Amino acid sequence: MDKVVGSAAEAVADVRDGASLAVGGFGLSGVPDVLLRAVHDAGVGGLGVVSNNCGALDRGLAVLLAAGRVARVTGSYIGANKEFARRYLAGEVEVELIPQGTLAERLRAGGAGIPAFYTPAGVGTQVADGGLPWRYDGAGGVAVASPPKEVREFDGRPHVLERGIRTDFGLVRAAKGDRHGNLVFAKSARNFNPLVAMAGRITVAEVEELVEPGAIDPDQVHLPGVFVQRVVALTPEQAADKQIERRTVAVPGTAGRERR
1 MDKVVGSAAE
11 AVADVRDGAS
21 LAVGGFGLSG
31 VPDVLLRAVH
41 DAGVGGLGVV
51 SNNCGALDRG
61 LAVLLAAGRV
71 ARVTGSYIGA
81 NKEFARRYLA
91 GEVEVELIPQ
101 GTLAERLRAG
111 GAGIPAFYTP
121 AGVGTQVADG
131 GLPWRYDGAG
141 GVAVASPPKE
151 VREFDGRPHV
161 LERGIRTDFG
171 LVRAAKGDRH
181 GNLVFAKSAR
191 NFNPLVAMAG
201 RITVAEVEEL
211 VEPGAIDPDQ
221 VHLPGVFVQR
231 VVALTPEQAA
241 DKQIERRTVA
251 VPGTAGRERR
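Residue 28 in our numbering sits at position 28 of the sequence shown, and the numbers go up by one each step.
What the hints contain is simulated information worked out from the structure, not anything from laboratory work.
Given the structure is predicted, the values throughout are model-derived calculations rather than measurements.
Wrong hints could be hidden among the right ones.
As the list claims (entries may be wrong) - With a straight-line cut-off of 25 Å between C-alpha atoms, the simulated SDA-like cross-links for lysine to any residue are:
no., residue 1, residue 2
1, Lys176, Ala233
2, Lys242, Gln220
3, Lys149, Lys187
4, Lys149, Glu209
5, Lys187, Gln243
6, Lys149, Gly131
7, Lys149, Lys242
8, Lys187, Glu209
9, Lys82, Arg246
10, Lys176, Ala67
11, Lys187, Gly43
12, Lys149, Lys176
Sequences are here, hints too, so could you generate the full structure?
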């Protein structure tokens, strides 16, 4: 039952070229930076990644992307990562952009063993009709476009069929975890991490605080340990190493007033 491994390198040692990774995080919140750097240091490439975004600044998946290790991204947001946008438009990486809620449900469905589901999101757009650029040819043309999806009517309203997502590995970060893999996430880090953990066939969690089994109130567990195969305890320095993606402050004396 003790799922703790000695290091991040050990935890991702079986990630191979061409592996698929579901990666938790929302912006820079809850991103498994230590595990992703261990994947980078292992030298693997040709990776297919599923994540809300592909990292920002020099954090998270941005490290793998900048090194040319990512072949395909399934996500819902490109903004705030100029290198991601450049590689996409240059035809260096294939990108499947899908609505954010659909992405969350595709991960949850995959983890729950549901192969597909219908949703109204995307009906009447290229999400359903096909033609979204998955890969550019580097000269402004589209090399690979998304195929059309099945649309079916329920209660007089059209819905598009979406497939559940399963990946070889799920990489997540939790504020607290025990040796059995039960996890607690902090605030917006809870947005995608539990779903990513469910979608991975092998899920690895880096935890800021490792506690003994029984120390977490069962009612406070956000993700049960059945979804987690490996746990990596972060050092205090690693746990405290967090950045703010966009710092916004108020001008003195203007708080609560409209700025003109």
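Inset, instruction - List, from low to high, the hint numbers that the structure doesn't satisfy. - result: Those not satisfied are hints 3, 4, 7, 10, 11 and 12.
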